[in-house]
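Using the sequences and the hints, build the whole thing.
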Amino acid sequence: MQIPWFRTLELKTIDWRFEIRGELPVNEPIVIIAIDDNSIEEFGNWPWSRRYHIQLIKKLRDYKAKVIAFDVYFDTEEDKRIDSDFSKILGEDTILASFYVSFNDPRFGTIKRLIEPLSIFSSKTKVGLVNPIYDEDGFIRRFGLTSKIFDKEYVSFPTLIVSTYLSLNPLEYIKTAKIPKDSSNLVYINYKGGLYKFPTFSYSDVLKENIPKEIFKDKIVLIGATTEALHDTHFTPFYHYIRKGSTLRLSKMPGVEIHANSIATLLNKKFLCPLNEGIPLYLITLIFIAIPIIPFKKVFSGYINLILILALIIVYIILCNQAFINWGWILPIIAPIFSIIFSYIFSLVYNFLKEQREKRELKSVFQRFVPSSVVDIILSNPGQELLQTKRQWISVMFADIRNFTYYSDILTPEEITKILNEYFTVATEIIFKYEGTVDKFLGDAIMALFGAPIFYSNAPIRAINTAIEIQEALNKLREGWKEKGYPPFEVGMGITTGEAVAGTIGSTQRMEYTAIGAVVNLAERLESIAKGGEILVCEETFNFAKDYFNFEDLGFIKVKGKEEPVHVYKVIGKKE
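Quick note, the sequence shown lines up with residues 7 to 582 if you use this note's numbering.
It should be emphasised that the hints constitute simulated quantities derived from the structure, not laboratory data.
We treat Cβ as the ideally placed atom computed from N, Cα and C, and that holds for glycine.
A hint or two may mislead.
To be verified - Below, in silico cross-link-like pairs of lysine to any residue (SDA-like), each with a Cα-Cα straight-line distance of 25 Å or less:
1. Lys396 - Glu364
2. Lys187 - Ile340
3. Lys360 - Glu518
4. Lys275 - Ile331
5. Lys275 - Leu174
6. Lys130 - Phe156
7. Lys184 - Glu34
8. Lys360 - Gln394
9. Lys537 - Ile416
10. Lys446 - Asn409
11. Lys214 - Asp43
12. Lys258 - Thr239
13. Lys490 - Thr423
14. Lys94 - Ile126
15. Lys154 - Pro138
16. Lys154 - Leu192
17. Lys439 - Asn556
18. Lys581 - Glu478
To be verified - What follows is a set of in silico ranges between Cβ atoms, one per label pair, in the way DEER data are often shown:
19. Arg255 - Ile126: 18 to 28 Å
20. Asn464 - Glu569: 25 to 35 Å
21. Ile563 - Thr411: 23 to 33 Å
22. Tyr202 - Arg255: 12 to 22 Å
23. Asn51 - Ile340: 37 to 47 Å
24. Phe410 - Thr510: 28 to 38 Å
25. Ile121 - Val321: 46 to 56 Å
In structure tokens, the structure reads:
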């Protein structure tokens, strides 16, 4: 089932391809004798006496025409003597037209009728069906080879003419000709161009012998109306706008010339092959649905993705046009393009919703470890590159409560939990103040990073400021705990600076952002030797921060995990 406007758009792309291709030369043995305005002026209003047709057939036979086909109805009686003479002149080389009509009558319901030549004529010659095949937009782009009417198979006018010209049985010709048809069993007309592409001569001029007889030798001669007065003109892919008074309207092609184009299509075998059904259509559509979903966004920006999609559409349209021009393939354009557009929109919406969900999940995780300003920077970073594992210059701070086991023994679990939560809350706020990352809580210890995931060139200064303010805040907390009867505790701190591997590390079941390396291990070692209230730093941290803080040189100290002693400094305070 197709949406009407969708199908109409696809049909218009076929017209566009005809226009791009342009007109083709006419090499087929087809001549048109036009029942035109000049002939009507000469012989009077239509229908004319059949004696004119008798004269015409005689002349065309004298001129050695091979097939004489009338796109004219002979369904009414005239003078009996003339009708008899006309029937006698008909033969194997002549073809007459029949027409099937079906319409609704308010009194009698659906009326179906086959308009055929009088039996006196049809018994002497061949009769072909001339019914035009209109598409949804009223244009003629196809014709049928046969039609089943009242349980009887009727051969179409063009098919009968070609089979007669080739001296073949029409049904046998259809079986052996290998003519590509669409899903409606219809053949696309490979139009040569616009109006009057085929040699066309006025009926009256032929009877007056004003046309060289050599023109008709061994030709298919079509006799039909070209004047608009007889209402046998139709819209075709080759159309243009014409002005009639103050209005513009589309040009129409005479039915006889449409038959000429249909006959030429069968004769030259330059068929148009519709690739719009079955596996090819599903394959093409599937490909074009899949392409926009490919995660370009991982590599390119949104604007580049859009440009790539537009380029893909343009390239496909060009390929469809070239396939039509070079091989006569009618590839679907609208379905793949709409599948690209809808799939691209779907992928945008899907990726947007997915990204928002990931951001919410990421935010729910990171807002516990970094300040909201840092979370916003991480979320605005395309592909979360900041979280990717890489070597990074950072400062690491470890803070641990001294003699925590002692406090665990003298306080209840509820009291321990309350004190730790108060301490961790204040410490976390200060870490966030200096845009540090709370890497983890290790029982009674805190590990914080400065310069990861977001790099800060002054990471050591941020780390030391954080440590000093935590110690100051802890002094205030101790006063409150003392009033409640809780024993005060102290915190030792270690800060190091250097290169570490920072990023999301873990298993598929659980990932976390952290840092690993010698600089992390050293910070933990310095914290372990720091006394309550002390902040110890390594030499690199000292070298960077010595202009901002006062330090006491503790000399070289042997720490666990290091073969060589480490130069350690104790932070005294900020410089005035």
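Here is how each hint holds up against the structure:
1. Lys396 - Glu364: Since the Cα atoms of Lys396 and Glu364 sit roughly 21 Å apart, the hinted pair holds (cutoff 25 Å).
2. Lys187 - Ile340: holds (20 Å)
3. Lys360 - Glu518: holds (20 Å)
4. Lys275 - Ile331: holds (15 Å)
5. Lys275 - Leu174: Roughly 16 Å between the alpha carbons, so the hint for Lys275 and Leu174 holds.
6. Lys130 - Phe156: Distance ~22 Å between Lys130 and Phe156 Cα, so the pair holds.
7. Lys184 - Glu34: holds (19 Å)
8. Lys360 - Gln394: Holds, because 19 Å separates the two Cα atoms, which is no more than 25 Å.
9. Lys537 - Ile416: Since the Cα atoms of Lys537 and Ile416 sit roughly 21 Å apart, the hinted pair holds (cutoff 25 Å).
10. Lys446 - Asn409: holds (20 Å)
11. Lys214 - Asp43: Measuring from Cα to Cα gives roughly 16 Å; hence the hint holds.
12. Lys258 - Thr239: holds (5 Å)
13. Lys490 - Thr423: holds (15 Å)
14. Lys94 - Ile126: Holds - the C-alpha atoms of Ile126 and Lys94 are around 9 Å apart, at most 25 Å.
15. Lys154 - Pro138: It holds: about 15 Å lies between the C-alpha atoms, which stays within 25 Å.
16. Lys154 - Leu192: holds (13 Å)
17. Lys439 - Asn556: holds (22 Å)
18. Lys581 - Glu478: holds (16 Å)
19. Arg255 - Ile126: 18 to 28 Å: With Cβ atoms ~41 Å apart, the hint is violated.
20. Asn464 - Glu569: 25 to 35 Å: holds (31 Å)
21. Ile563 - Thr411: 23 to 33 Å: holds (24 Å)
22. Tyr202 - Arg255: 12 to 22 Å: For Arg255 against Tyr202, whose Cβ atoms are near 18 Å apart, the range 12 to 22 Å holds.
23. Asn51 - Ile340: 37 to 47 Å: Check passed, 46 Å falls within 37 to 47 Å.
24. Phe410 - Thr510: 28 to 38 Å: Since Phe410 and Thr510 have Cβ atoms about 30 Å apart, the given range 28 to 38 Å holds.
25. Ile121 - Val321: 46 to 56 Å: Given about 50 Å between the Cβ atoms, the range holds.
Checked against the numbered hints given earlier, the structure breaks only hint 19 and satisfies all the rest.
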